[in-house]
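K.L.:
Fit chain H to the known structure of chain C by using the hints.
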Amino acid sequence: MMRVILALAVLILGSTGGEIAITYGMKATGEPARLRPRALLQFLGRALRNGWFWVGVPLMAVSFYALLVLLSWEPISLVIPASALSYVVGTLGAKYVLREQISAARWAGVLLVCAGVALVAAG
Amino acid sequence: MATERRLRIKTLVMVLAMVVCANAGDLLLKRGMTQNGAVQLTGAGVAHAFRLTVTNGTIWIGIFFLGGFMVSYMTVLSWADYSYVMPAGAFGYALLTLMAVLFLHESVSPRRWVGVVLICVGVLLVGQTKPRTTEVASEAMA
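Line by line, the protein sequences give chains C and H. Those letters in the first sequence? Residues 1 to 123, by the working numbering. Those letters in the second sequence? Residues 124 to 265, by the working numbering.
What the hints contain is simulated information worked out from the structure, not anything from laboratory work. Every residue gets a Cβ at the ideal spot worked out from N, C-alpha and C, and that includes glycine. Among the clues, some could well be false.
Quick list of the computed label-pair ranges, beta carbon to beta carbon [as the list claims (entries may be wrong)]:
1. T126/H to L44/C: 19 to 29 Å
2. W54/C to S232/H: 34 to 44 Å
3. V177/H to K95/C: 39 to 49 Å
4. T165/H to V4/C: 28 to 38 Å
5. R34/C to L139/H: 38 to 48 Å
6. T165/H to V62/C: 19 to 29 Å
7. R99/C to T176/H: 41 to 51 Å
8. S230/H to G51/C: 44 to 54 Å
Chain H on its own, in the form it takes in the complex:
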């Protein structure tokens, strides 16, 4: 069952890469857009915001991470079930709450903590199941 184990490990690594890239990308975009200030919804305002956006390094790093998310998402779906990857990816919500508490010192309502616990238990349950239940197609030649 070495291949089964290998499949599980590489799936978990990819899901983790997905979650980290998506969270890092969102946080960097948020930080970059905050540096730029609120967008004024006029022709000149939008044009100005566009210039600030494409010249902001933080935003480009954020876009790079979101690209990393897309690549890891597509890669993991080439071998793992959608119904495995999709709920496992929700671990990101739990991670984001923990980071908000640890690094931003935000206070979190009891309701949200209950949600975090439900997500973690749910992800653990899904994680126990077989990552791939459909037939393995012959591997395409690279």
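Looking at chain C on its own, in the form it has when it is part of the complex:
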């Protein structure tokens, strides 16, 4: 039981931590000047030279590894619904790390999405 909770924590914190690091890097990169192939390629080049992007990628890889380990212990109908908690953890990270303003409507939406994903994944 303990090891399942631990692996779940690594899964959730790894994916949300990785996505937050990538968001941080993308905000530092700035918007592409225009959404044309050439400008997009230059934009991607700048993004890949940002250190935060390369903090995010290994975190997401660790999270994926935790997912594989969890799936070898527990049924998928438990693992995926439990990982829907990452919507709540990610929103907390957005609020306290990225300093985004989470309005009541956004919180309500996130909680509904979290419950909905858990139900869909449970089958």
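P.N.:
Frame of chain C; chain H shown alone:
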């Protein structure tokens, strides 16, 4: 408020691109791996599966779509909130269920339909909020 409207529209277009690319990529990978058959977990079996995988056109198209997902994800996060994009992306689960019913004629349990409805209402709620609540950094020169 023309810029506000423009921001909302381009965010929605990008989120839609993300969802479509992720779903198409996953479905194509699934189809390609099924064409290849189950992987035997021996040295020779894995090597054989690897050869089949890198020569399978369906899998390459799937990888192309997953690359498209990554690019649209990174692009939208360069201007929109993470807490906006992340729940909005869950619309993909609802879309996948609808496609499974329409195209694969799968039967879906009532519990799963309730989940689909909750996701749709949740995404609509998040969609109403401002896509960007942090300060706009000066646009980097291309």
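K.L.:
Which hint numbers doesn't this structure obey?
P.N.:
Number 5 only.
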